[in-house]
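Line order of the protein sequences matches chains A and B. Counting with numbering that gives the first Met the number 0, you get residues 0 to 203 for the letters of the first sequence. Counting with numbering that gives the first Met the number 0, you get residues 0 to 203 for the letters of the second sequence.
Simulated from the structure, these hints should not be mistaken for lab results. Computed from a predicted structure; not experimentally measured. Incorrect hints may appear among the rest.
[As the list claims (entries may be wrong)] Pairs of lysine to any residue residues, derived as SDA-like cross-links and limited to a Cα-Cα distance of at most 25 Å, are as follows:
hint	chain 1	residue 1	chain 2	residue 2
1	B	35	B	49
2	B	35	A	28
3	A	24	B	153
4	A	24	B	160
5	A	24	B	106
6	B	35	B	23
7	A	71	B	160
8	B	24	A	104
9	A	34	A	15
10	A	24	A	158
11	B	71	A	164
12	A	24	B	40
13	B	35	A	71
14	B	24	B	34
15	A	35	A	71
16	A	24	B	25
17	B	24	A	79
18	A	71	A	109
19	B	71	A	174
20	B	71	B	112
21	A	24	B	22
22	A	24	B	24
23	A	24	B	71
24	B	24	A	174
25	A	34	A	22
26	B	35	A	25
27	A	24	B	20
28	A	24	B	15
2 protein chains.
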Amino acid sequence: MGRPSKPLLDRERITTAALQLVDEKGEFSVPQIAKKLGVQTASVYHHVDGRDGIVELLRERVCEAIDPTPLKSPGLPWEEAMAAWARSYRAAFAAHPKAIPLLATSPVRAPRVLEQYELAAGLLLDAGFAPADVMPVIIGLDNVVLGSALDLAAPETMWEPADETVTPRLAEALAAMGAAGRPDRAFELALRGLIAEARGLLLA
Amino acid sequence: MGRPSKPLLDRERITTAALQLVDEKGEFSVPQIAKKLGVQTASVYHHVDGRDGIVELLRERVCEAIDPTPLKSPGLPWEEAMAAWARSYRAAFAAHPKAIPLLATSPVRAPRVLEQYELAAGLLLDAGFAPADVMPVIIGLDNVVLGSALDLAAPETMWEPADETVTPRLAEALAAMGAAGRPDRAFELALRGLIAEARGLLLA
């Protein structure tokens with residue numbers, strides 16, 4: 000009997016199964032992954048560095064969609080570079096909103112993701128930021144991006160008062176907003192605000 | 000046989016059971032709640048307006064911890080009122096980070112929560128905001144608050160490079176940040192930025 004041309008189990012397939020579980024339920028367990036792949040739980044552990052290792056594989060998979068190019072484009076002003084990175088980062092996480100709490104609350108160890116933070120930190124240091132200001136700016140950007148990625152996954156109509164006469168001013172604001180571009184306007188406002196505030200730190 | 004002095008099942012107990020499930024796993028199902036309470040699934044449905052009704056009970060429970068006072072303090076400038084509300088809102092959700100994706104992606108119908116948005120919309124309209132600008136400001140604030148609430152639930156050490164020589168600039172920025180107040184500085188930066196940007200809309 001020849002060996003099968005594809006291994007029954009590999010890190011790619013484990014990551015795909017874990018992401019399917021997370022997209023569905025916001026969580027995964029190693030036995031659930033094993034069940035999904037039709038193998039023993041112990042076989043899964045054989046391929047990965049424990050449960051935490053699977054979280055990092057998930058992080059790499061979700062973050063593959065983030066374009067790091069703006070962070071390494073020497074001619075680009077740091078404001079534009081950070082904004083472009085943030086937009087791409089937001090789109091990547093908006094595709095997997097249920098993964099957000101899991102990934103946002105476990106430490107980043109995935110080398111290819113750390114590399115993006117290395118580029119962002121280098122960009123801000125090169126722009127003249129005090130080292131103590133760099134992480135607050137990056138984390139502030141993380142906050143805006145992840146909060147907004149969740150909003151992109153929200154229903155079109157987010158506020159549904161049973162009786163609009165009880166909340167007339169909210170009704171007025173909702174009617175005036177229009178449907179188009181709701182999450183985008185809020186995100187761009189928060190992003191612009193953060194970058195302006197960061198510029199303030201730089202000039203202080 | 001007399002009736003028990005407390006009903007076996009009421010909305011408070013259903014809400015508590017649902018929140019325990021969500022805090023643990025980020026999700027709940029009606030059969031899981033029934034199992035937790037030792038009753039039939041149908042009995043749970045008898046007390047609530049379906050699964051969506053339970054989501055709204057959860058929202059009310061989490062949002063009970065938000066202090067709406069700043070939104071109805073006539074002497075307070077709108078900037079301070081919104082910032083104080085945002086800080087209280089962030090603390091309430093940081094206590095239940097796994098509830099964030101569930102609540103952020105289902106429409107708000109809970110009357111007591113809609114009331115807070117009514118106050119916020121009224122505050123901004125009274126401050127002179129164009130009606131079309133009110134929701135983008137409120138949603139931008141939501142984004143910053145929810146992203147930061149997730150960050151409050153993150154581990155102290157969020158970036159763990161295996162080899163710091165590969166990410167020297169990130170290491171420099173992390174070392175300079177110090178441990179204390181990491182999430183707070185980022186949140187205040189993003190919050191200040193959003194409010195300044197909103198002020199810009201008001202003056203435009």
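Outcome of the hint check:
| no. | hint | result |
| --- | --- | --- |
| 1 | B:35 / B:49 | holds, 17 Å |
| 2 | B:35 / A:28 | holds, 21 Å |
| 3 | A:24 / B:153 | holds, 20 Å |
| 4 | A:24 / B:160 | violated, 29 Å |
| 5 | A:24 / B:106 | holds, 19 Å |
| 6 | B:35 / B:23 | holds, 13 Å |
| 7 | A:71 / B:160 | holds, 20 Å |
| 8 | B:24 / A:104 | holds, 13 Å |
| 9 | A:34 / A:15 | holds, 13 Å |
| 10 | A:24 / A:158 | holds, 24 Å |
| 11 | B:71 / A:164 | holds, 19 Å |
| 12 | A:24 / B:40 | holds, 20 Å |
| 13 | B:35 / A:71 | violated, 52 Å |
| 14 | B:24 / B:34 | holds, 16 Å |
| 15 | A:35 / A:71 | violated, 39 Å |
| 16 | A:24 / B:25 | holds, 8 Å |
| 17 | B:24 / A:79 | violated, 38 Å |
| 18 | A:71 / A:109 | holds, 19 Å |
| 19 | B:71 / A:174 | holds, 23 Å |
| 20 | B:71 / B:112 | holds, 15 Å |
| 21 | A:24 / B:22 | holds, 13 Å |
| 22 | A:24 / B:24 | holds, 8 Å |
| 23 | A:24 / B:71 | violated, 38 Å |
| 24 | B:24 / A:174 | violated, 36 Å |
| 25 | A:34 / A:22 | holds, 17 Å |
| 26 | B:35 / A:25 | holds, 20 Å |
| 27 | A:24 / B:20 | holds, 12 Å |
| 28 | A:24 / B:15 | holds, 20 Å |
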